[in-house]
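Enquirer: Protein chains in written order, with the working numbering: chain A, 12 to 526; chain B, 12 to 526.
Please keep in mind that the hints were generated in silico from the structure rather than gathered at the bench. One or more of the hints may lead you astray.
Which copy is meant is left open, because identical chains are indistinguishable; a pair holds if it fits in one copy or across any two.
Mimicking DMTMM-like on lysine to aspartate or glutamate, the simulated pairs with C-alpha atoms at most 25 Å apart in a straight line are [as the list claims (entries may be wrong)]:
no., residue 1, residue 2
1, K486, E64
2, K487, E474
3, K61, E206
4, K120, E222
5, K61, D216
6, K487, D31
7, K41, E206
8, K357, D317
9, K224, E64
10, K41, E280
11, K61, E222
12, K120, E479
13, K487, D398
14, K486, E261
15, K61, E149
16, K41, E483
17, K487, E280
18, K120, E498
19, K486, E280
20, K486, D31
21, K168, D451
2 protein chains.
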Amino acid sequence: MLNPLVRVVAVVAPPPSLGDNTGDLDRLKKMLAPHLAGMLPMVPYPRLSKVAERFRAAGFSGTAIINDMMGSPVLVDFLPQLPPVLAGMALDLGTTHLEATLLDLSTGKVLARADLENGQIGFGADILTRIHHAARPEGLVELHRAIIVSVNELAAKLAGISGLAVAEIRALSVSGNTSMVHFFLNINPYHLCREPYIPMVNAPDPCLAGELKLAIHPAAVVWILPSVGSYFGGDLISGVLASGIDRQQETCMLIDVGTNAEVIVGNREWLIACAGAAGPALEGGVARMGMRAGPGAIEHVRIDPDTGEIQYETIGNTKPKGLCGSGLIDLVAELYLTRQIDIRGKFRPQAAGDRLVQGNDGWQFVVVSSEDSADGQPVVLGQVDLDALMRSKAAMYAILTTLTNQVGVAFAELHRIYVAGAFGRHISPRQAVVLGMLPDLPLAIYEPVGNSSLAGAERILLERPARERCLELVKKITYIELNVNHEFMLRFSGSRFIPHTDHALFPSVPFFDGE
Amino acid sequence: MLNPLVRVVAVVAPPPSLGDNTGDLDRLKKMLAPHLAGMLPMVPYPRLSKVAERFRAAGFSGTAIINDMMGSPVLVDFLPQLPPVLAGMALDLGTTHLEATLLDLSTGKVLARADLENGQIGFGADILTRIHHAARPEGLVELHRAIIVSVNELAAKLAGISGLAVAEIRALSVSGNTSMVHFFLNINPYHLCREPYIPMVNAPDPCLAGELKLAIHPAAVVWILPSVGSYFGGDLISGVLASGIDRQQETCMLIDVGTNAEVIVGNREWLIACAGAAGPALEGGVARMGMRAGPGAIEHVRIDPDTGEIQYETIGNTKPKGLCGSGLIDLVAELYLTRQIDIRGKFRPQAAGDRLVQGNDGWQFVVVSSEDSADGQPVVLGQVDLDALMRSKAAMYAILTTLTNQVGVAFAELHRIYVAGAFGRHISPRQAVVLGMLPDLPLAIYEPVGNSSLAGAERILLERPARERCLELVKKITYIELNVNHEFMLRFSGSRFIPHTDHALFPSVPFFDGE
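Chain A extracted, bound-state conformation:
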């Protein structure tokens, strides 16, 4: 039984008469109450006239559209017939990419999927640049408009794919990092990046799409996943929902890798989280050859240790266009295992074959030649990209160790480690272990959960318990701020080698010293 964010209720009301002169809207509300646990729905002023007129025009029978505003039913529309489909949009509001699905809210069926580059990129590739831009006159408004335009474009894509009008989208759930949510709501992000890193709001109340000038139906309910902190957004709350870590008896861990590395450890009794900047290396669209996990993205790479021959798999089995996050991790791990890069993550020209060439920014490794690629451009990995990945992986491991140390849980005590991230559908934990990004544990412990930000947004659209659980989670999760954590900085330095300065931590990974 689904309890979607918006629902339809069929109504056949007795027409008004001299003997029953109840007002149109009051008549409709009264008919709805038995379907709403006895509650009379509220009608927001901007919808009052429309609902009442449509109810009358439909001859007092048809379908009421009810938004669920945190348990309170809100009556926002009336249609003469049951709509052929009640569509809701789940949105992963990423810093570089937006990804969305359109769901049939009556069945949960996926009607369409689409993604789009975040239109704010022109104002800065990374969040910090955008937060600074927001402080300029009109800066925040520009960023807000840009993201609304992108969301509208994505909604139009979804509508186009599913053969619906964009105004037929009646609900929107939004899962994003805290900064993106601030931009989306047009609220000042100034304090997000300044100690002590405080959001303007963690859990904004639901609003109507019209208030945000969204192109979907103006009375569509907009439900935003709450954040725990400036660097711990609704996207990770989505991850908790999708993984179910908050319901596990044994202690588990959830890792979400993107521009920020966000980690949560705990079980059904307690949850502790932290987050840190992992750098843009793993976020598609930022690294030069990086891309989202979409058609043409190389998601797995193998290098033959004897011949140096490269085998790869692309999503959709098409010609390759670039590397998504999992492909990048695979590639760098294989380069290390075949000793083409050293423990500091630097190319070893003496070991690399003719794939290593000099580019404008120094060495670059040709993964796919221009002849074999999708667009005539070679797919390459430069030293610059490698350096960025090294910072990212170091940050990730430092975050994991800092957090587990804080709570006094050893990695070996973890029952399961969920690995989320929109950057790659099928991250290979083994290769991440080789790089020293994830701890050296039996691989069965790792469970990739894909784009859990989007998965969480989908559950929010469909299930009231998920919405209630989100708000409980915000209260339940203890957040540790790493931006001012000295232990983290020390651990970060130690993690800037493959796999680590202390190679006893990674017994399963070959260690090539002193080169």
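Once you have looked at the hints, place chain B on chain A.
Expert: Only chain B this time, still in chain A's reference frame:
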């Protein structure tokens, strides 16, 4: 203990820190919950950024402003200090006049009183003309704008008198007839005057002043008294509140006389109501010399049966400008008792002295000469005004008898009759009995309650139980539609004489037959 429509809550919150990174708005909500029966207040999207920014700017301590939206607290503003006064406006939204008080919501003290002509009069003196105007292109919007302009003007007057800025008014309660409420909300009144006479809404949910483009604080809560039917508006619900008829053990009656005559009979067990057009005679500003009960209005008249000399009292003891409703009733009753008009309400030139003169529209009776009046214009009563009053009083009595007959209650069984009406502060029941407007009962039964529409709106501002009671009243009151009632039409004909064709009904009134 007052439970006003808007309240202040003093907050001293711990500032955010690395150890407590709760978002600004969530921190504020959490601090408020213990003051709100544990409920977290909602924050409407248009107020989100303002509230959060003001809370931070005030150093996390100050005063939260909470609207009461039908029991649900809504956080709409934050001030650095306790405001010197928390002001709310109670409004009687009359067809011809608006009357309002400004209250200090913390103490209930009246800060200012003011009134104003309804700016819609240019679109038609009576409601029906305006409803027809609303059907023209832009007609409804014109009427809506006109009433908003008037309300804004009245709010400015109140603010001026009390030395406040108009934006310091933080709440508005509105008591008006159903049509005026439709105009105020910009919703179509088309069906109000067409069988079966159905309002678009009886009980609109509260909204924010900004949504209606009111000049008071944009986040001020606007609470509208609910209606029972097209001809039974929130103004009469106000009357029920003010009289307390719904709490009486014995059966009582409430009569509200204005453009419409609205009557309710019942007790704490049951309430039955009806309403009918009484004509504009008793509504100040419509009858030629009619005016509101304000300074210069003649409110009482005596004619010496021997000398024909006229004595009158004006409100404020100033020179007379016109007649308010109670003055009009007094005057006509005295003209009848001194035999200067006959039982059909026609002037008797043979009996009248030199005060009766020929005007453009026939006979007119000079109450005050131009020398004695306030503005150099004589105060006169024309045959046209008399005819209008006769229709009004006939309608009133017909309504009373139809209603009591429907419920099987004799007039003599009534424990008390409350007489309300903005048209006259001190209606004289005796003179209304002489005219055959009210039943011939011991005068002690009558209790004038003045402008109960405004009194009810004031209680709504101050008392949550009054707001809850209103909504219960709408469910409790059974409304009988008189527009299609044949019995009413018959009774109306019989009532078009002074006091009545059946003079046995009025034993205390002298009857002058056959003239």
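Enquirer: Is it within a copy, between copies, both, or neither that the alpha carbon of K61 lies no farther than 25 Å from that of D216?
Expert: both (23 Å within a copy, 14 Å between copies)
Enquirer: Should K224 paired with E64 be assigned to within, between, both, or neither, using CA atoms and 25 Å as the limit?
Expert: Both ways: K224 and E64 sit 23 Å apart in one copy and 22 Å across, limit 25 Å.
Enquirer: One pair to classify: K61 and E222, alpha carbons no more than 25 Å apart. Within, between, both, or neither?
Expert: Both, since 16 Å and 15 Å are each at most 25 Å.
Enquirer: Using 25 Å as the alpha-carbon threshold, which applies to K487 and E280: within, between, both, or neither?
Expert: Answer is within; shortest intra-copy Cα gap is 9 Å, inter-copy 50 Å.
Enquirer: With identical chains, the pair K120 and E498 could be close in the same copy or across copies; at 25 Å between alpha carbons, which is it: within, between, both, or neither?
Expert: For K120 and E498, neither the intra-copy (46 Å) nor the inter-copy (61 Å) Cα distance is at most 25 Å.
Enquirer: For K487 and D31, with the copy left unspecified, which applies at a CA distance of at most 25 Å: within, between, both, or neither?
Expert: Between copies only: 13 Å across, 51 Å inside.
Enquirer: From the Cα coordinates, with 25 Å as the cut-off, is the pair K486 and D31 best called within, between, both, or neither?
Expert: Only across copies: K486 and D31 sit 12 Å apart there, 48 Å inside one copy, limit 25 Å.
Enquirer: If the cut is 25 Å between Cα atoms, do K487 and E474 qualify within a copy, between copies, both or neither?
Expert: Cα proximity of K487 and E474: one copy only (20 Å, versus 38 Å across).
Enquirer: For K168 and D451, with the copy left unspecified, which applies at a CA distance of at most 25 Å: within, between, both, or neither?
Expert: neither (42 Å within a copy, 76 Å between copies)
Enquirer: Tell me, please, which holds for K487 and D398 at an alpha-carbon limit of 25 Å: within, between, both or neither?
Expert: neither (37 Å within a copy, 76 Å between copies)
Enquirer: Could you figure out if K120 and E479 sit no more than 25 Å apart (CA to CA) within one copy, between two copies, both or neither?
Expert: within (22 Å within a copy, 43 Å between copies)
Enquirer: When no copy is named, should K61 and E206 be tagged within, between, both, or neither for a Cα gap of at most 25 Å?
Expert: Close across copies (22 Å), not inside one copy (47 Å); limit 25 Å.
When each numbered hint is compared with the structure, violations occur for hints 4, 13, 18, 21.
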